[in-house]
Amino acid sequence: MKMIQKIIAYTFLLLLISSCTKEFTFDSEETKSKIVVNSLVKNTKEMEVAVTKSFSVSGDAELEELENAQVAIFKNDSFVENLVYTKTTEDAIGKFSSTFIPETNSDYRIEVSHPDLETVQANATLPNGVEISDASVKFVGGNSFNFSFTLDDPAEVNYYFIKMFFRSYILDSITQEKKYLYSERIEIPVAAVPDGQRYLDNGFIFKDETFGDDKATIAGIAKYTRIPASIGGGNFPSLGGPAEEAMTDSSTLFIHLETLSENAFKYYKSNATYLNLLTVDIFGEATSLFSNVENGYGIFAGVYVSEVGVEVEE
Amino acid sequence: MLKLKRRKLNYFLFSIIFLFGMQSGMAQNPTDILQKEITFEANNESVIELLEKIEKQTDLTFVYSPNDLDNSIRLNFFKKKIKTGDLLIKIFEKTPISFKANGEQIILFKTNVRKIGLRKNNVIKPSKNIVFSGYVLDAKTGEAMITAAIYEKKTFTATTTNNFGFFSLTLPNGSHTIVISFVGYQTQEINLSETQQMQIKLLPASNEITQVVVSASKEKEKENNPIESSRMGLMRIPAQKLKAIPAVAGEPDILKAITLLPGISQSVEGSAGFYVRGGGSDQNLILMDGVPMYNPHHLFGFLSTFNPDAINNIEITKGAFPARYGGRLSSVLDITLNDGNNQEWKKNISFGLLSARASVSGPLKKETSSIFFSARRTILDLIIAPIAADRDGKKFVEKPSYNFGDVNLKFNYKLSEKDRIYVSGFFSRDNLSLKINAKDEFVGTQKLREATGWSSAFGSVRWNHLFSDKLFLNTTAYYSNYNYFAKRSKEVEGSTNGILPNSENRSDYFSIINDLTFKQDYQYYLNNNHHIRFGGGVIFHEFKPGVNSFSKKIDGATILSSTPDNTTKATEFSLYAEDDIRVNDKLKLNIGVHASALDVQDTSYFSVQPRLSARYLVSKKIALKIGFSQMTQYLHLLTSSNLTKSSDLWVPVTKNILPPTSTQYSIGTAFSFGKNYEVEIEGYYKDMKNIIDYKEGASFLLTTGDWENKVERGSGESYGAEFFIQKKKGRWTGWLGYTLSWTNRTFENINFGKSYPYKYDRRHDISIVGSYQINKTWSMNASWIFNSGNYVSLSTASHVTANYDGDVSYGWFEFPAVGILSFDISAINPGLNSNPPARNNYKLPDYHRLDISTSRKKITKRGNRSEWIFGLTNAYNKFNPSIFSQSFSVEDDGNNLKLKSKITQYALFPILPTVSYSLSF
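Sequence order for the protein chains is W and R. What the first sequence shows, in this note's numbering, is residues 1 to 314, in sequence order. What the second sequence shows, in this note's numbering, is residues 1001 to 1921, in sequence order.
It is worth saying that the hints were derived from the structure and are not from the lab. For clarity, every value in this text was computed on a predicted model and none was experimentally measured. Incorrect hints may appear among the rest.
Heads up, simulated PhoX-like pairs for lysine-lysine below, C-alpha to C-alpha not over 20 Å straight-line [unchecked claim]:
{"#": "1", "chain 1": "W", "residue 1": "K22", "chain 2": "R", "residue 2": "K1079"}
{"#": "2", "chain 1": "R", "residue 1": "K1586", "chain 2": "R", "residue 2": "K1544"}
{"#": "3", "chain 1": "R", "residue 1": "K1399", "chain 2": "R", "residue 2": "K1439"}
{"#": "4", "chain 1": "R", "residue 1": "K1366", "chain 2": "R", "residue 2": "K1056"}
{"#": "5", "chain 1": "R", "residue 1": "K1620", "chain 2": "R", "residue 2": "K1553"}
{"#": "6", "chain 1": "R", "residue 1": "K1857", "chain 2": "R", "residue 2": "K1347"}
{"#": "7", "chain 1": "R", "residue 1": "K1090", "chain 2": "R", "residue 2": "K1056"}
{"#": "8", "chain 1": "R", "residue 1": "K1435", "chain 2": "R", "residue 2": "K1490"}
{"#": "9", "chain 1": "R", "residue 1": "K1878", "chain 2": "W", "residue 2": "K22"}
{"#": "10", "chain 1": "R", "residue 1": "K1689", "chain 2": "R", "residue 2": "K1655"}
{"#": "11", "chain 1": "R", "residue 1": "K1754", "chain 2": "W", "residue 2": "K266"}
{"#": "12", "chain 1": "W", "residue 1": "K32", "chain 2": "R", "residue 2": "K1843"}
{"#": "13", "chain 1": "R", "residue 1": "K1053", "chain 2": "R", "residue 2": "K1079"}
{"#": "14", "chain 1": "R", "residue 1": "K1689", "chain 2": "R", "residue 2": "K1243"}
{"#": "15", "chain 1": "R", "residue 1": "K1710", "chain 2": "W", "residue 2": "K266"}
{"#": "16", "chain 1": "W", "residue 1": "K207", "chain 2": "R", "residue 2": "K1695"}
{"#": "17", "chain 1": "R", "residue 1": "K1243", "chain 2": "W", "residue 2": "K266"}
{"#": "18", "chain 1": "R", "residue 1": "K1710", "chain 2": "R", "residue 2": "K1776"}
{"#": "19", "chain 1": "R", "residue 1": "K1090", "chain 2": "R", "residue 2": "K1080"}
{"#": "20", "chain 1": "R", "residue 1": "K1414", "chain 2": "R", "residue 2": "K1399"}
{"#": "21", "chain 1": "W", "residue 1": "K87", "chain 2": "W", "residue 2": "K22"}
The task is simple: from the sequences and hints, build the whole structure.
The structure is reproduced here in structure tokens:
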């Protein structure tokens, strides 16, 4: 009887499962490769653009740089120059670089063409920077310190990214000179940045909605945690060196402020959501990465960087 | 003297038969019926008891108004053979009651002419009208017949019965012939010249073919005819039709059947819910005998919790909502359950591939009280049990199981001619469980128990009261409970060598809704130009959305116990008034207003929702219609775009989450052609505000208390056109439905503020349902459904991304495409992005499926009815995917690492033969 029951059960299951799976194939139009442009236009350095090709999520995938792409830059609708491809041994991906440093309040347009792919373009404006003033930092014990500084928030809608860090260094055994390696992570409290969203390196991205059109003071008690580079601490682990021997220079706190264009803000925000999804709940709600590249993927947006060092009171 | 009386009555009787019998279309000569001899005796029995006795001994059914009979009179008869007609004469010889034969029915009526009028200043003025009211019942079962048509034969002045079988028809003074009809039942005619209240019992047609052929003609179904009705977006499925529609795995199911109607979309296979005119599944008010159901699904949506044996009537409204309905934006599915057979005991048993069910119904006191009980249980777990358990001797036993079941109980009692009480109970539960017992000499005995499931239960009391022949009241009180749960426990009984102590760990996740409701619904049949409904109610809600509870015991001592309390209590009030107005023969209106309020977290919301629908008769066969309705609801169902059940969470409106609202406009036409075809075409536009959705990147873990921070508020719109052609009569019956529609959503912080298509934005939706009655025994049924594919958020390409320094990096392991249910991945690199480029960016392949079945009905030698149904689900084996998974692998070709990615799609049904059997006895 049990045998008959088993035969019935197996037959039933076999019937259900048979021919129930199939490999999914996209329409070719959906997955055809597109040009990917990644560049944040900054006031601190020449323009650098990574140009690659997207690949389908189904089937074989091979990342391909587009070294022979033509990358043209226009400023206020006038052609400026074609960027030149360079790649050092330390670069994971080579970059097309400009000979000029971008200027604020200028409209830049990038056009990238490649013989095998559809031409893409994107626009970016480098916003005006915002000054940091009235900064003060004082240790309150352990790894914690009080901090306070003011942003001169302009009247229009503004977008920011902020992070704080101490620098780490090793001493050259011969010259006893400090060789700076990477920044230490500092956790800014959520309450210090209303409606802020955490982004890389315990930074925050935020809009100035809660500040109004006035000066904004950001203050609170922050703490820093030293994470050895060997387990992923710091920003520049690839610089190498005996990270475990590194010392923290806690005499000066660096405040890194980025005034973001709207597109840069959207990109940061969507990327922050995506990264959070990776670390918190990979089954979480779907998110999309912002792109302003017409006919392609990636980001081409302006970011004004200002950084100040503040002496720490003991 | 006695002889003389008998002669007079006989003469009268034959006069009645002569006058009325000929026109009633009887199959049998009425004189034969009354000449039939029976052996009869009675001992101090009332008139009604005598009538019941005669009904038992003969095929006769008596139709009468209990008010007309003096039931206090007790009669005695010595046992003897007597003609039926003579017996009736004897019973009523000292009363003003006379009778006439109509087929196998004997209609009893008063012979004296009573003056009806209003007394004012001691002057009696004759009334201008007479009122015909009462109940229409199934003669065989005593079940109330819902939406039976009652109309005056010459003028077509008409009404229909309500959900309790009650009707009231006002007519001018004079003689009238009233026709009572219902599809599948023999039509009955009654002559009327004065105000009467009656119980009318309709006999089912003798077999399936005649059932549909002899049923009321189009004119006779006036009020149920879409051309006649002022309502729009209204569809009905008779209970017997439901069972004739081929269903998944051979199980008749109401929620699957309604998705074959235009404007109503099914979810993906294997998930719950249906979608009406672009609304979410939480926007459907599903009423079971007036009680809202939150998750009426078994087996993750394969089946509904509505046992087909328990259903009397199904009605779904998609737009132009009458004011009596409120609380949801998109539809009202009103399911009425059987009251119970008050004539005789009937039992039914059925077996299918998925479940077995049984029901029993019968009179506790004939004509006065009846009970209905049904139960259903899956048999799937019993089938797969032998291969599901994994055993390793006595040391390790792993036993997964899935089972579901539901129970319906309904009792009704006629307290008096004006009062009837109904008591109902319902319980359903699904339970997916895993039991693991492991024994180890070092670790000891470990028992792991996991269970996921949900249950629904309610108890309700309803009281019908007739204030007069024009004013009907239904009072309802109910308590309902919905509980979604996921439980895990681990017990360790320490080993004898004491390596581990005895311990017990428990973690429970649950989401609970408790409702306590009191409401009253009045119906006032002012005259034939005004049918007024008004009423109101209050619901006390208690929500406990997504609670995580933990406890830990070591050696019996509790060292950790936590059950957070996130209870939200809310009180919802509603009031409504509506009037069905017949302005003239061409124009009919339904005007009303529904007002509701919610008191929650020291915040009050108030909403006034106007409703209007109108019908204008262009000709006898063509009607134009318009409709307008505003709706508000006070709860949401949070559903992930890429996962199903476990992330579904019913949550209330709070002080931060505003009530969603909708405004719907509709316009349409209904017309008929040929003898049997009805066509309805409707266009609609619906605007939805304050709907919510999960934020991008929202986590579904640890949801206790923080769900409000994970949602976004936005809007939606949908518009489209629906076409429906139906043939109700003849050997061939069925319908064709087609929907062309668009629906989208807009949220400020989702999809970068751009509108995107709703998941069930199905451009084309076609359904064809057909039944063919081959002969008295065999019938064939088929349904074919086609709809455009769903939208999903699906990654189509990977590319590198920039960090805030503008640098790009990448690795060979990446995050899977979001929107996919499961994946296999060993590492993650944020430098590569495979996110969908936009919300719901990808349209899946179109869906279509054919289900066919054939039914063999037979009456056994013992007079029992049996039915075999053989069928094929997905008859041409169409591959319709409903689940996707993505897997990655890395290959080293010596120079480079190559990432290989594969997306696999799963369909739940290949071609699936089905068989079911039922026996009624």
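Here's how the hints hold up against the structure:
| no. | hint | result |
| --- | --- | --- |
| 1 | K22/W / K1079/R | violated (78 Å) |
| 2 | K1586/R / K1544/R | violated (51 Å) |
| 3 | K1399/R / K1439/R | holds (15 Å) |
| 4 | K1366/R / K1056/R | holds (11 Å) |
| 5 | K1620/R / K1553/R | violated (77 Å) |
| 6 | K1857/R / K1347/R | holds (16 Å) |
| 7 | K1090/R / K1056/R | holds (18 Å) |
| 8 | K1435/R / K1490/R | holds (10 Å) |
| 9 | K1878/R / K22/W | holds (12 Å) |
| 10 | K1689/R / K1655/R | holds (16 Å) |
| 11 | K1754/R / K266/W | holds (13 Å) |
| 12 | K32/W / K1843/R | holds (17 Å) |
| 13 | K1053/R / K1079/R | holds (13 Å) |
| 14 | K1689/R / K1243/R | violated (38 Å) |
| 15 | K1710/R / K266/W | holds (19 Å) |
| 16 | K207/W / K1695/R | holds (18 Å) |
| 17 | K1243/R / K266/W | violated (54 Å) |
| 18 | K1710/R / K1776/R | violated (59 Å) |
| 19 | K1090/R / K1080/R | holds (13 Å) |
| 20 | K1414/R / K1399/R | violated (50 Å) |
| 21 | K87/W / K22/W | violated (42 Å) |
Hints 1, 2, 5, 14, 17, 18, 20, 21 from the earlier list are contradicted by this structure; the remaining hints agree with it.
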